[in-house]
Amino acid sequence: MLTSLSSIALAIYLLIICLMALQSLFNLRMQLFIWGEPRRALFNQPPVAFAEPKISFTVLLPARHEEAVIGATIEKICRANYPRDLLQVLVICEAGDIGTINTVHAKLAEPGKEHVRLIVFSDTPINKPHGLNKGLQAAAMDVVTIFDAEDEPHEDIFQIINTTLAQEDVEVVQGGVRLMNYDTYWFSALNVLEYYFWFKSTLHYFGWSGIVPLGGNTVFVKRATLLAAGGWDEQCLTEDAEIGIRLSAAGARIRILCDDDHVTREETPDNVRALVKQRTRWHQGFLQVLLKGDWLRLPTLSQRLLAAYLLAIPFIQGIFALMLPVSLAMMVFVKLPVWLALFTFLPLYVFGAQLVLNVVALAEFIRAQHRGYSPRVFVLSVLGFFPYQWLLAVSAVRAILRQARKQTNWEKTAHVGAHRKVREVA
Amino acid sequence: MNARDALALPPTATHPPRMGAHALLMRARRAALARAWIFEALLVGALLGVGVVAHAWNLFNFPRYQGDEGVYVAAAWSVMHGNVFPYTYSYGHPPLGWAMIGVWCQLTGGFFTFGTAINSGRVFILFLDALASLFVYLTARKLTGNIWIALLAMALFSLSPLSINYQREVLLDNIATFWVMLALYLLVASESRMRYILGSALAFGLAFLSKETAVILLPVFIYGVWLVSSKFQRRYAVVLFCYLALALVSSYVLLALLKNELFPTGTLLGGTNPHVSMITTYLQQAGRGSNGGSFLEQWDAWRKDDGLLLLGGMVAIAGNLLVSRWQPRIRIVPLLPLIYLLFLARGGVTFAYYIIPLLPFLALNVAIFLYYALRFIIIWLPEHTRMPQRAGQWLSAPPWARRLASVPRARVLQAALLLVVVGILTVLAPYEARMNTKNLTANETGPQIQAMEWMSAHVPRSAMIIANHYNYVDMRTPGGIGAGNGAPFAHVEMYWVVATDPAVGTGIFHNDWNNVDYIMADSDLLTDAKNFNMTLILNALDHATLIKKFQNKLFWVAIYQVQHIGANDLTQPTIAEQISRPASATPAAQPTTATPHGGSGQGG
Chain A
375 MLTSLSSIAL
385 AIYLLIICLM
395 ALQSLFNLRM
405 QLFIWGEPRR
415 ALFNQPPVAF
425 AEPKISFTVL
435 LPARHEEAVI
445 GATIEKICRA
455 NYPRDLLQVL
465 VICEAGDIGT
475 INTVHAKLAE
485 PGKEHVRLIV
495 FSDTPINKPH
505 GLNKGLQAAA
515 MDVVTIFDAE
525 DEPHEDIFQI
535 INTTLAQEDV
545 EVVQGGVRLM
555 NYDTYWFSAL
565 NVLEYYFWFK
575 STLHYFGWSG
585 IVPLGGNTVF
595 VKRATLLAAG
605 GWDEQCLTED
615 AEIGIRLSAA
625 GARIRILCDD
635 DHVTREETPD
645 NVRALVKQRT
655 RWHQGFLQVL
665 LKGDWLRLPT
675 LSQRLLAAYL
685 LAIPFIQGIF
695 ALMLPVSLAM
705 MVFVKLPVWL
715 ALFTFLPLYV
725 FGAQLVLNVV
735 ALAEFIRAQH
745 RGYSPRVFVL
755 SVLGFFPYQW
765 LLAVSAVRAI
775 LRQARKQTNW
785 EKTAHVGAHR
795 KVREVA
Chain B
414 MNARDALALP
424 PTATHPPRMG
434 AHALLMRARR
444 AALARAWIFE
454 ALLVGALLGV
464 GVVAHAWNLF
474 NFPRYQGDEG
484 VYVAAAWSVM
494 HGNVFPYTYS
504 YGHPPLGWAM
514 IGVWCQLTGG
524 FFTFGTAINS
534 GRVFILFLDA
544 LASLFVYLTA
554 RKLTGNIWIA
564 LLAMALFSLS
574 PLSINYQREV
584 LLDNIATFWV
594 MLALYLLVAS
604 ESRMRYILGS
614 ALAFGLAFLS
624 KETAVILLPV
634 FIYGVWLVSS
644 KFQRRYAVVL
654 FCYLALALVS
664 SYVLLALLKN
674 ELFPTGTLLG
684 GTNPHVSMIT
694 TYLQQAGRGS
704 NGGSFLEQWD
714 AWRKDDGLLL
724 LGGMVAIAGN
734 LLVSRWQPRI
744 RIVPLLPLIY
754 LLFLARGGVT
764 FAYYIIPLLP
774 FLALNVAIFL
784 YYALRFIIIW
794 LPEHTRMPQR
804 AGQWLSAPPW
814 ARRLASVPRA
824 RVLQAALLLV
834 VVGILTVLAP
844 YEARMNTKNL
854 TANETGPQIQ
864 AMEWMSAHVP
874 RSAMIIANHY
884 NYVDMRTPGG
894 IGAGNGAPFA
904 HVEMYWVVAT
914 DPAVGTGIFH
924 NDWNNVDYIM
934 ADSDLLTDAK
944 NFNMTLILNA
954 LDHATLIKKF
964 QNKLFWVAIY
974 QVQHIGANDL
984 TQPTIAEQIS
994 RPASATPAAQ
1004 PTTATPHGGS
1014 GQGG
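These protein sequences, in sequence, are chains A and B. Start counting the first sequence at 375; every next residue gets the next number (our numbering). Start counting the second sequence at 414; every next residue gets the next number (our numbering).
Honestly, the hints are just simulated from the structure, not real lab data. A few of these clues could be false.
Stated by the list, open to error - In the SDA-like style, the derived pairs of lysine to any residue whose C-alpha atoms are separated by at most 25 Å in a straight line are:
1) A:K709 with B:P677
2) B:K672 with A:F717
3) A:K709 with B:K644
4) B:K672 with A:G758
5) A:K709 with B:Y502
6) A:K709 with B:T685
7) B:K644 with A:F717
8) B:K644 with A:K596
9) A:K596 with A:F717
10) B:K672 with A:I687
11) B:K672 with B:V628
12) B:K644 with A:P420
13) A:K666 with A:Q691
14) B:K672 with A:L388
15) B:K644 with A:V422
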């Protein structure tokens, strides 16, 4: 009886080991997608020459308690290299957020801000998708785009999108977003790398498969497409991914464009608590999208499977990260036949590949920012790898608990502008 | 190019097919390509068939079963029975090669489907050789784009007397060479696609796990990855290739670690229990004196077998290094044999079969160099010396010369390559036939098989027998020819193991010659027993009588029965009398050069 129980347990354990290895391998495959073939180097290639500016843009700038950074962001967008009359900037605030509203008013009083408007809403829910929908009602231009209050979009971004839309028959362009402050906290480098892989490679894999969980900003959607889709889902914590899946299911053509020079710069959360809160929100949002089931309308079975996998990634990874200590304990304490014991090292080898890949990407990232290499960052990216995975696992557990308790309010990330300091230092 | 792939778009807009002129043209082109493909496949199939027949013809008769073949087949047999090795596994070689043999035998209906166990192993090696020569073809085809040159490379490789001799044997080098050729082909065919590069790393790792010496080639492979990858992905390609290859390499070390057999006994991490240790084994191997031939002696021996390929290969390696100044992508082709030759020339033991990994590289180098030499003469030289223009201007030149001068030079090159390759193959055919005479007609295994059959018919199964390694599986397993229809022998032990493994020498024979009943001796056993002073075996021979000898013009096997002192409880003493001694098996017929010490082995 005991032996049959233990052999069932062993079989389950080996199955989990297998799934762990397969899942990490698939993750690696997505992270490496862009480097898989030489022609894919062109996917992130910005246009060499800009087309004549024709397409007009509405910039939605939702802001909540962002008085510290909103002024600079408005300034940055106003200085974009694009004709004023083709730009409309809508700053969206909730009526109770007096601080931000005052700052924006002061900014709008400055010269050259005629095309910037403040939209204040007082109805609920007080969250980003609701604000975005308010903005969409007031939007008047061809293409609607979103920037976050702490963003630093590149000055040529509208030129690039204008040219891309002129050359390619697409409804949506997702630009690149990149975290910059890779050496501020112990987890910074790992956080930076996640974004790096996600925008540079993984999103292209999804684009290639026909399902794109869009990002929260630097995303450009034709206004007609947005209106046809009915705007953003105000109940969802990750309205960006949600609308991405919905647009994909509706057959919208989505272009990803993330080159090193034109990414939107952002910062990492400024402490572990903020990071866990942010991830809890994302994971819970993915869970909501999963439960909502729009992905079931995707045309092919493989797309539906991939979408389900994508939305479940946080939870799968969470389980595996929590499994890891169990697995290590098994390696040390349970005496397995040598062949099986060798096999149980498989996930560890795949994690090793991930570590090596991280180091290579970090070197490439630092090089692209023209910064000096410091051994400390590399060591931290290796030592912090598993603790970081555990943080994500904890966030996944929190997300499930919150969803079970029907807590669907935002735990917002505070912004102190660390990425700007980075740039000034550079 | 797939538009969907290029633009990362979901598959929405597709144009309805238009059957215009363009489509018709494309269809005709596809048909022509299909015809060309069938033509090429027929040519390759035919030459591959010739190579396979040349290897298969006389496969079970020549060369004689080698001790190493016996070891690997026995190891394959033990893998199929849940062990890594038939005796104490001391990490001499990684186990993947013989695990593959074991699986092959499992798939083909056991170890004795083709006669002896080694025959079954040889059929497997034949299969791998065929694949390896296909990879030689494909690699040359990728690097030159020319069918004729690729066929030449394949012919040089698979018809070489060296290949037909050594690539018949069940040796780990043959298995590793198959994997290395797969890795090389994937690298050359990659066109900087990551999945090919990673596939190449995987194949390379498996080559190492088949025979550890493959690791010598790793630096060249890494350089090769650097060459084939594009700039934007190079970092990832090189690092991931190294990681994957080394991960597979490390799994061998991990195996030792998991069995607590990595560190030597008596060290901090090795503990105090006596056990084998991978580190000790490799330190010993590194410090192994030169008991086999030296590199230069072996080189001479190889030169006698196929001097043409060796000489041509050396010239071509030098030539290709020069060519690779303008054609960097072929650079790994000369570098691979070069680094391996440097490894052999470092000193230390060089066994005859160490030539195996070189053979495909030499063939590739010759063919590829020939291609670039002809290209140089026919295309580069006229372009840079304006010869044809002048030829065309010669008004007095006959019309055919002027017509010839106006033929596109690429066409001329194609024709010249075809002519040269056909010419070389015509000249080569009688050479290869002559050099391969022995491979195709000689019989060396006859006495070996007869000896096993005789033992099976005449010797009690409880007898304690010391034999050459190739007897192991056939005599110890039901169904083997050495076991006959009766039960298998309980103790047929490999002479080398008896001498080196205390678990056998002491554990089974108690280091006492009186516990040995029979010795199945051949020249290898006797020479090694003498050279390595295997006292147990020498003492047993001192007290043994030659009771039967099997021999033909090329090889012999002698069966000695030990004459026990005291109680004859281990064997029936009458057996020597039961056998009618043939007149030829008198001591005078014994080749004296091979007997260990002054005929005392036979006198008794």
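So, going through the hints one by one against the coordinates:
no.: 1; hint: A:K709 with B:P677; verdict: holds, 22 Å
no.: 2; hint: B:K672 with A:F717; verdict: holds, 14 Å
no.: 3; hint: A:K709 with B:K644; verdict: violated, 46 Å
no.: 4; hint: B:K672 with A:G758; verdict: violated, 31 Å
no.: 5; hint: A:K709 with B:Y502; verdict: holds, 20 Å
no.: 6; hint: A:K709 with B:T685; verdict: holds, 20 Å
no.: 7; hint: B:K644 with A:F717; verdict: violated, 35 Å
no.: 8; hint: B:K644 with A:K596; verdict: violated, 35 Å
no.: 9; hint: A:K596 with A:F717; verdict: violated, 50 Å
no.: 10; hint: B:K672 with A:I687; verdict: violated, 36 Å
no.: 11; hint: B:K672 with B:V628; verdict: holds, 23 Å
no.: 12; hint: B:K644 with A:P420; verdict: holds, 18 Å
no.: 13; hint: A:K666 with A:Q691; verdict: holds, 21 Å
no.: 14; hint: B:K672 with A:L388; verdict: holds, 20 Å
no.: 15; hint: B:K644 with A:V422; verdict: holds, 19 Å
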